[in-house]
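**Q** Whenever a hint applies, use it, and build me the whole structure from the sequences.
If you read the protein sequences in the order shown, they are chains A and B. Using this note's numbering, the letters of the first sequence correspond one by one to residues 1 to 61. Using this note's numbering, the letters of the second sequence correspond one by one to residues 62 to 598.
In the SDA-like style, the derived pairs of lysine to any residue whose C-alpha atoms are separated by at most 25 Å in a straight line are: (1) 437/B - 29/A; (2) 211/B - 247/B; (3) 216/B - 357/B; (4) 437/B - 58/A; (5) 437/B - 41/A; (6) 437/B - 55/A; (7) 437/B - 40/A; (8) 437/B - 354/B; (9) 437/B - 44/A; (10) 437/B - 33/A; (11) 275/B - 336/B; (12) 437/B - 42/A; (13) 437/B - 61/A; (14) 437/B - 54/A; (15) 437/B - 60/A.
Covered, in the sense of this in silico footprint (three residues per stretch, anywhere, with C-beta under 8 Å from a C-beta of chain A), are these stretches of chain B: (16) 445–451; (17) 456–467.
If we take Cβ atoms under 8 Å as the criterion, some of the chain A residues that face chain B in the derived model are: (18) 32; (19) 36; (20) 37; (21) 40; (22) 44.
In case anyone wonders, no lab produced these hints; they're calculated from the structure. Predicted model only: the values in this text are computed from it and were never measured. Even glycine gets a Cβ: it sits at the ideal position worked out from N, Cα and C.
One-letter residues, chain by chain:
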Amino acid sequence: MSLILTPNIESPDTFYERLTDAQRDMTDAEAAAMNTRLVLILANQIGRLDLLSEAIDLARA
Amino acid sequence: MLATYDFPEFAYVPSPEQVTGQAVRHPVVVVGAGPIGLTAALDFAARGLRVVVLDDNNTVSVGSRAVCYAKRPLEIWDRLGVARPMLDKGIEWKLGRVFMRDQQVYTFDLLPEDGHKIPAFINLQQYYLEEYMVDACTANPLIDLRWKHKVVSLKRHDDHVALAVETPDGIFEMQADWLIACDGANSDIRRMVGAAFTGQFFQDRFLIADIVMKADFPTERWFWFDPDFHRGQSALLHKQSDDVWRLDFQLGWDADPEEEKKPENIIPRVRAMLGEEVEFELEWASVYQFACRRVDRFRHGRVLFAGDAAHQVSPFGARGANTGVQDIDNLGWKLAAVIRGDAPEALLDTYHDERAFAADDNLLNSTRSTDFITPKNGASRTYRDAVLHLSRTCEFARPLVNSGRLSTPTPYVASPLNTPDADTWQGRMTPGTCAADAPIAEDGRPGWLLDRLGEGFTLLVLGLDPAPVEAGAFTPLQLVEGRDFTDAQGLVAERYDRGQGAVYLIRPDQHVAARWRRFDPDAIRAAIARATTGDAA
Ligand SMILES: Cc1cc2nc3c(=O)[nH]c(=O)nc-3n(C[C@H](O)[C@H](O)[C@H](O)COP(=O)(O)OP(=O)(O)OC[C@H]3O[C@@H](n4cnc5c(N)ncnc54)[C@H](O)[C@@H]3O)c2cc1C
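**A** Pasting the structure below:
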């Protein structure tokens, strides 16, 4: 595994709050659409297919 | 009848064996005179084989079918001497635009590299393509094209196939040493030999309409997702010759094909797309459901499948006829070598190896495009919409937009006929790849590299001293830089990584079989043996 699986997010509580706050006033469908865009934006940031594939498998398990 | 095209009616001529009642054994019978069967006839005849072609109909393709033809099939048709009228009548294009709602989100330029004889793509109605090939077949003494001959049953034997053929005069028997099934996606022959044809159907319907209009839209491929004129679906606009335009409207699974085909329902859709003021005439309209499927094996004994009979793809990417023509390119020389007794029958098994590999690549590309256009579930649709949404403002998302990835040849990277590289090379011409064209000069006159490749094997010798290579029936033509041509623009050197010296062994279908940095006749003979036995041992 080359995915980082140890804590790596700066300020975990702040991040989590940003994420959930961003969706506070959204319907489920709007939130799902936003999450999907977020996945794509983050995927582009990562870029490497091997890492993305590992992440997909991990999320699915 | 169309406003722009009169369908020819080819004459039914009774078969001599039906008249005499004496079954005749033919070396090669091709079933189906569509683009692939006609290409097969021309290729086999060019390799010296006599061919009988049977078709149950007596005209060319009717309705809205293939439009876009890629460089590689055009190169093959050029080798067979039929590309000229296609290129003259067809329309060259290279730019594709993708819109989301009314905003452009993505463009692709086929960016044709300079220095190729044949353009990247042309658009031409399928009936013209077939008509030009029928003309060439009719003029060829080795080709016997028989209209209104429908194969109704067959019996397979070890060394031949017996066919029952129905004509306006009843049913008679024919025999073929080899039967080439080019009878389309609903292949009767496939059913008769019990071959499986599996894959997936897409739960969607598309209205495909051809209209005649004088309009100054550019010769580009325009594809819309969720356009304002056709909300929630996709649409496509592409130009053909004679001011005929191809329109394509995604309808969804619940659409009623019969209702959608009615002019009173089509015309408002077209007006919404093109504007109220545009004058047009409807040529043809059909409603399609698309599928991506492949036959289990391309060879069933003495029966060989090619074209849509072997693989069916959705049209996004224009891969159907384009890939079928390459089936024939692969099959022709192998079949001729086996029939002449120069190669073992096992060589024909490599037709399956190489073309099933290519078909799978095409099916994969075509399935991916179709899944993007028609997402399989709510989650995929959410991703699709997210990609489109982001692609309006974020460049990174644009390569994910998939409205069809256009047909390019699939290199046979894993083929048993390849001799793996032992030297160090740069660039794309790895064994299994089809040879790139390049401008050359002969006696100061400009020419093209592909035009100079032989009917059989060719040794392309760059910057090295040649020596005789004797390989019986497969003795290669030697094409030597400096002696036979000059690399006037340096593009042969660039495309073939000439370096200090290079020799390429090129197969009769213009694919690289092997390459070396030294001219070694023994290595060359071994590579020819490997490329002609279908036996990697
Ligand atoms: C809407 C649409 C758009 C397309 N666009 C493109 C494109 O842009 N580019 C591209 O490359 N491809 C495209 N295609 C695909 C292309 O049309 C096919 O791949 C192509 O026609 C296949 O040729 P074929 O010769 O294998 O089969 P067909 O064209 O189907 O020909 C089969 C022939 O066999 C005959 N036949 C059938 N059964 C028998 C029998 N029992 N006995 C005797 N004869 C028989 C039929 O009459 C027919 O003439 C498109 C298809 C569609 C539907």
